[in-house]
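**Student:** Protein chains in written order, with our numbering: chain A, 1 to 242; chain B, 243 to 541.
No lab work stands behind these hints, which were simulated from the structure alone. Glycine residues also receive a C-beta, built at the ideal position from the N, C-alpha and C atoms. There could be a bad hint or two in this list.
Unchecked claim - Partner residues are not named here, just some residues of chain B that face chain A (Cβ under 10 Å, in silico): (1) Pro373; (2) Glu374; (3) Ile383.
Said to hold, decoys possible - Far from chain B, some chain A residues (derived; all Cβ distances over 12 Å): (4) Tyr87; (5) Ser174; (6) Gln227.
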Amino acid sequence: MLDVDCISVCYGQIRALRRVSLKVPRGSVVSLVGANGAGKSTLMMTIAGALRPTEGRIAFDGRPLPAGPHRVVAAGISLVPERRRLYANLTVRENLLMGAHLRRDREGIHADIDRLCGLFPILKERFSQYAGTLSGGEQQMVAIARGLMSRPALLLMDEPSLGLAPLITRQVFSIIADLRRQGTTILLAEQNAHQSLEISDYAYVLESGEVVLEGSGQVLLNDVRMQESYLGIRKKNGRPVR
Amino acid sequence: MEGLVLKLPLAFQTLVTGLAIGGIYALMAVGYSLIFSILNFSNFAYGMVIMLASFLGYFAMSGLGLGLGPALLCAMLGAALLSFLNERVAYSSLRRRRAPPLYFMISAMGTSIFLENMVYATIGSRYNAYPELFAVPTLNIFGASIGKMDLFAMVFSVLAISALTFFIHHTRLGIAIRGASYDASMAELNGVSLDWLIGTVFALAGLFAGLSGVFLGIKYMAYPNMGWITNKAYIAAVIGGLGSLPGAVAGGFLLGVLETFVSVYLSSTLRDVFSFSLLILFLVLMPSGLFGKTLEEKV
Numbered sequence: 001m002l003d004v005d006c007i008s009v010c011y012g013q014i015r016a017l018r019r020v021s022l023k024v025p026r027g028s029v030v031s032l033v034g035a036n037g038a039g040k041s042t043l044m045m046t047i048a049g050a051l052r053p054t055e056g057r058i059a060f061d062g063r064p065l066p067a068g069p070h071r072v073v074a075a076g077i078s079l080v081p082e083r084r085r086l087y088a089n090l091t092v093r094e095n096l097l098m099g100a101h102l103r104r105d106r107e108g109i110h111a112d113i114d115r116l117c118g119l120f121p122i123l124k125e126r127f128s129q130y131a132g133t134l135s136g137g138e139q140q141m142v143a144i145a146r147g148l149m150s151r152p153a154l155l156l157m158d159e160p161s162l163g164l165a166p167l168i169t170r171q172v173f174s175i176i177a178d179l180r181r182q183g184t185t186i187l188l189a190e191q192n193a194h195q196s197l198e199i200s201d202y203a204y205v206l207e208s209g210e211v212v213l214e215g216s217g218q219v220l221l222n223d224v225r226m227q228e229s230y231l232g233i234r235k236k237n238g239r240p241v242r
Numbered sequence: 243m244e245g246l247v248l249k250l251p252l253a254f255q256t257l258v259t260g261l262a263i264g265g266i267y268a269l270m271a272v273g274y275s276l277i278f279s280i281l282n283f284s285n286f287a288y289g290m291v292i293m294l295a296s297f298l299g300y301f302a303m304s305g306l307g308l309g310l311g312p313a314l315l316c317a318m319l320g321a322a323l324l325s326f327l328n329e330r331v332a333y334s335s336l337r338r339r340r341a342p343p344l345y346f347m348i349s350a351m352g353t354s355i356f357l358e359n360m361v362y363a364t365i366g367s368r369y370n371a372y373p374e375l376f377a378v379p380t381l382n383i384f385g386a387s388i389g390k391m392d393l394f395a396m397v398f399s400v401l402a403i404s405a406l407t408f409f410i411h412h413t414r415l416g417i418a419i420r421g422a423s424y425d426a427s428m429a430e431l432n433g434v435s436l437d438w439l440i441g442t443v444f445a446l447a448g449l450f451a452g453l454s455g456v457f458l459g460i461k462y463m464a465y466p467n468m469g470w471i472t473n474k475a476y477i478a479a480v481i482g483g484l485g486s487l488p489g490a491v492a493g494g495f496l497l498g499v500l501e502t503f504v505s506v507y508l509s510s511t512l513r514d515v516f517s518f519s520l521l522i523l524f525l526v527l528m529p530s531g532l533f534g535k536t537l538e539e540k541v
């Protein structure tokens, strides 16, 4: 469904991505793994239309990606950005409405809000509160819900577990697994390699702006290089030590 | 000494007069704040839109012989268009190049100087008085006399500001304006077309410029350099907290009332000295104003 073909992205003189290619098939969860500064967020922002590649092409549903983030949303791609970026001056309800900005079906919007409140009970509790007053974990739930309000065909999630307590992180991953079961196509960027590989169909490893490794989630989980660099597993006397 | 003693009737009269001018300041400050909230710079050209609106209202009434209502409508629509064009011509290309706010300010000053001198060159430097609207211009309320036009302006200002408040809290576009004022690039990622949104905000601010231009013209006549009275709108907006709409309203009324008290009880020559001192005081001690919130991002 999403086909990123050999793109490079530059910030001024600095090349943040070098000839990166990846594919996200419909209905799958694909993850991007890599350390801080590897280019995960740059790639996400580029797919969302906020950055423009200097070379290469991105195709979505067989058509070239439109220019400008607001057109990309209209085409069916929605981003849950790094650090959530909720509108702190808007209530939870208004944040969700922002997610549905391009939709005109009033009833459908309200039905979706009700449905998401069922999925994330915290939304109901904090419905009329300003988003800036929520805890980090609560904000992440709102950010995911806001991302879903546009009914995207493809959901981009950038570091959804960043800065969250382990318990909340587990909750976030179980939500992603739920979304996947419901058939949402997801591209997930995560530093938390272990948990993201476990729920992914396929994964790419980014290092200084380049794809250095790719494979199915299970294959990467068992890859030696992967274990040493990202999964925190060292082999000592042939036995893994965590 | 006698002047310093607060006599109740005089104090009440001063309050009423202050509220009347405060209403106009509030109108101007609201338009000003709207633009500031979304582009983060002080649009000095806004004053020139107010001045042109004032002339529009004047020509509509004394040239075409229209009544106050149609003249207000003309001025508001004309100012909305001018304000929109102001953004398209002077700012949109800077915006696309992601220029820093200083560039916008310089462009705004250039626009101001151009518009002001264009009026000097084409219409002339005369003061143009609006035609008298009421046979008996004043009204007596509890011993204080208030101009009927002042009363009308005040009521209309409150109505217009209430309508705006409703609009930005309860409509899809209004919520998008508030969202974009907090994080414009995120709003784009949610599907908001910034070009469109910013155009709307300028047109909206223009409607308010139209209203305040006509009210100012009726009170003080229409003349080419009246646009600089928006310095008062700037002060009002700073007092309330730049970018905050309730702040702009409160700042407008507060400034109007305080100023009037200073001119009545101290000296009218001290009025502007007082206002600008107040501005400096706020900028130094309370830069976020009375209502400006400092919202922190949670990591």
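**Student:** Hint by hint, say whether it matches the structure.
**Tutor:** Each hint tested on the structure:
Evaluation of the proline 373 of chain B hint against chain A yields a violated restraint, the C-beta minimum of about 44 Å exceeding 10 Å. Given the 10 Å rule on beta carbons, the hint for glutamate 374 of chain B is violated: about 45 Å separates it from the nearest Cβ of chain A. Checking isoleucine 383 of chain B against chain A: minimum C-beta separation of about 39 Å lies over 10 Å; hint violated. Here tyrosine 87 of chain A does not stay apart from chain B, with its beta-carbon only about 4 Å from theirs, under the 12 Å limit.
No Cβ of chain B comes within 12 Å of the Cβ of serine 174 of chain A; the nearest lies about 22 Å off, and the non-interface call holds. With a least beta-carbon separation of about 29 Å from chain B, glutamine 227 of chain A lies farther than 12 Å from that chain, consistent with its non-interface assignment.
In the structure shown, a violation is registered for the earlier hints numbered 1, 2, 3, 4, in ascending order.
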